[in-house]
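Asker: Put together the whole structure using the sequences plus the hints.
Protein chains: 2
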Amino acid sequence: MSVITLGTMAFDAIETPFGKVDKIVGGSGTYVAYAASHFVTPIQQISIVGYDFPQEEMDAMKARGVELDGVEIVPDKKSFFWSGKYHIDMNTRDTLITDLNVLADFNPVVPDSYQGAEYLMLGNLMPKLQMSVIDQLKQRPKLIVMDTMNFWMDIAMDDLKAVLKKVDVLLVNDGEARQLSGELSLVKAARTIMKMGPKFLIIKKGEHGALLFHEDHVFFAPALPLEEVFDPTGAGDTFAGGFIGHLAKTNDISFDNMKTAIIIGSAMASFCVEKFGSERLKEITKADIDARLAEFVQLVNFDIDLV
Amino acid sequence: MSVITLGTMAFDAIETPFGKVDKIVGGSGTYVAYAASHFVTPIQQISIVGYDFPQEEMDAMKARGVELDGVEIVPDKKSFFWSGKYHIDMNTRDTLITDLNVLADFNPVVPDSYQGAEYLMLGNLMPKLQMSVIDQLKQRPKLIVMDTMNFWMDIAMDDLKAVLKKVDVLLVNDGEARQLSGELSLVKAARTIMKMGPKFLIIKKGEHGALLFHEDHVFFAPALPLEEVFDPTGAGDTFAGGFIGHLAKTNDISFDNMKTAIIIGSAMASFCVEKFGSERLKEITKADIDARLAEFVQLVNFDIDLV
Numbered sequence: 000m001s002v003i004t005l006g007t008m009a010f011d012a013i014e015t016p017f018g019k020v021d022k023i024v025g026g027s028g029t030y031v032a033y034a035a036s037h038f039v040t041p042i043q044q045i046s047i048v049g050y051d052f053p054q055e056e057m058d059a060m061k062a063r064g065v066e067l068d069g070v071e072i073v074p075d076k077k078s079f080f081w082s083g084k085y086h087i088d089m090n091t092r093d094t095l096i097t098d099l100n101v102l103a104d105f106n107p108v109v110p111d112s113y114q115g116a117e118y119l120m121l122g123n124l125m126p127k128l129q130m131s132v133i134d135q136l137k138q139r140p141k142l143i144v145m146d147t148m149n150f151w152m153d154i155a156m157d158d159l160k161a162v163l164k165k166v167d168v169l170l171v172n173d174g175e176a177r178q179l180s181g182e183l184s185l186v187k188a189a190r191t192i193m194k195m196g197p198k199f200l201i202i203k204k205g206e207h208g209a210l211l212f213h214e215d216h217v218f219f220a221p222a223l224p225l226e227e228v229f230d231p232t233g234a235g236d237t238f239a240g241g242f243i244g245h246l247a248k249t250n251d252i253s254f255d256n257m258k259t260a261i262i263i264g265s266a267m268a269s270f271c272v273e274k275f276g277s278e279r280l281k282e283i284t285k286a287d288i289d290a291r292l293a294e295f296v297q298l299v300n301f302d303i304d305l306v
Numbered sequence: 000m001s002v003i004t005l006g007t008m009a010f011d012a013i014e015t016p017f018g019k020v021d022k023i024v025g026g027s028g029t030y031v032a033y034a035a036s037h038f039v040t041p042i043q044q045i046s047i048v049g050y051d052f053p054q055e056e057m058d059a060m061k062a063r064g065v066e067l068d069g070v071e072i073v074p075d076k077k078s079f080f081w082s083g084k085y086h087i088d089m090n091t092r093d094t095l096i097t098d099l100n101v102l103a104d105f106n107p108v109v110p111d112s113y114q115g116a117e118y119l120m121l122g123n124l125m126p127k128l129q130m131s132v133i134d135q136l137k138q139r140p141k142l143i144v145m146d147t148m149n150f151w152m153d154i155a156m157d158d159l160k161a162v163l164k165k166v167d168v169l170l171v172n173d174g175e176a177r178q179l180s181g182e183l184s185l186v187k188a189a190r191t192i193m194k195m196g197p198k199f200l201i202i203k204k205g206e207h208g209a210l211l212f213h214e215d216h217v218f219f220a221p222a223l224p225l226e227e228v229f230d231p232t233g234a235g236d237t238f239a240g241g242f243i244g245h246l247a248k249t250n251d252i253s254f255d256n257m258k259t260a261i262i263i264g265s266a267m268a269s270f271c272v273e274k275f276g277s278e279r280l281k282e283i284t285k286a287d288i289d290a291r292l293a294e295f296v297q298l299v300n301f302d303i304d305l306v
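As they're listed, the protein sequences go chains A and B. When we follow numbering that gives the first Met the number 0, the leftmost residue of the first sequence carries the number 0, and every step to the right adds one. When we follow numbering that gives the first Met the number 0, the leftmost residue of the second sequence carries the number 0, and every step to the right adds one.
No lab work stands behind these hints: they were computed from the structure. Cβ coordinates follow ideal geometry from the N, Cα and C atoms, glycine included.
Now the in silico label distances, taken between C-beta atoms and shown as ranges:
#, chain 1, residue 1, chain 2, residue 2, range
1, B, D255, A, A286, 25 to 33 angstroms
2, B, I96, A, A286, 57 to 65 angstroms
3, A, P16, B, T284, 45 to 53 angstroms
4, B, V108, A, A286, 58 to 66 angstroms
5, B, D255, A, P110, 50 to 58 angstroms
6, B, Q297, A, T191, 16 to 24 angstroms
7, A, D21, B, E278, 56 to 64 angstroms
8, B, F150, A, I303, 29 to 37 angstroms
Just a few of them, taken from the derived set where beta-carbon distance is under 10 angstroms, the chain B residues facing chain A:
#, residue
9, P16
10, M89
11, S184
12, A189
13, R190
14, A220
15, L223
16, E227
17, K258
18, L292
19, V296
20, Q297
21, D302
Answerer: Right, dumping it as structure tokens:
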């Protein structure tokens, strides 16, 4: 199965209580691609970069089965740059700099070679761009997953709601679910959001795990309790990549398989936060992932004798 | 198996975003006893009340197998009174009034008829009182579970640490685990606290579930996502009551059985918050509890094929 991913490929400067990097490759598309390519190929990337984006990074992606035909390279502009600083609890951060650079003129184009993809991952970007990619696809994918954030709810809610009508799965965090629905209770929020379009809703709660809602069903996936969270940047995108990667690999979009996919997404996210950037996602092996999944099984496995 | 419980029997005035009660029966001992008595009897209560504590409440407890020989009734003083107001998110609250009344002179006495109990639940109270109950027991119980709070860490840390050396299981919330250990990471906090005495540590995270630590093992129990949390008062005590009630019923203090006990504690807590006070704990049946446990199984049950 092939997976089209829309997202940024960028540079980040990050400061956490554990260290600091001035310029490191980041972006939602980068994290999604590295995570998903552990499970399925090809990953068909749609993004935009400037003249300064490293060729080695592109080569590393290609070597993993990430197709870059949909990545526009702008020769006279810089890549998107984001800088942020995490608070001591690592759950909150301040954005210090957002230099849009190439992103200001981004008009994603779906290459002919991507047509017919069964899975589409819309990374967190301007809703109009997400819609444009959906509109360009001649055949609707079997599954469309959408990530978004509070920023778009503040400035482009109508566009966002239009995209919501077209997608199957929405990924948001708990604060965003509350903002989007106007409900404080996540159970009520989920019910409201599922009426806006998506049949499945994943609410990410960071170190507190994630909830999957579908009709009247709810599933909870914990986050692995970690000794140290080194850098949370990209954890949500990595989660999304692991999630859609598993679904595409198994080509099964049932609720039961989505539960498994969420555990796999959580496991991938738990690697992502262990080092700055996408470094851990590049070095881990299938054996590492399997060992981590076994930890998740141990973490939640219990016996109840319901007589 | 018999369970000795030490805790308050009191009146509460509670305001939540969903309503308000001026005077309702509460107290840690009350919640523990109502929850635990669903699983095992006798519950051997140690507490103190004033002349104003309702006889009907005592009768209702007795009818459930709660022995009150260890409950001192002070004829010329009022019962302990606590008043609090919850914030809109229900995770935080302000204490408005704390009238110690009878609690100011509480010297718990273990009746002869309680000697030989296999299980001891030390509810959240002054550490010196918890220690006094341990010291009065001629035979050490098979399992001692201790609840405490940040207040005692602020004003009686040495006493608290002395009790910690004597107990098997400690129950605290995440903020308290961080305060007690001086560690931000809960994994590191758990390791530090287990060196202080308890072989098992339960970290309660409210709506985000609970973690059980033992040696190098960790288990996570989610909280059931609820449409409405009506009143969180007593949820932690109810959790503790369900936990020790199941352990005493099965007389099995293995790590595996503690996992089950935590799920049962979470299920009981999910009932507690549905109405003000202990009302729900009195009206639910075994069928209600089993149905709720089945929801927990559904909530976390997933398949991973580790080949």
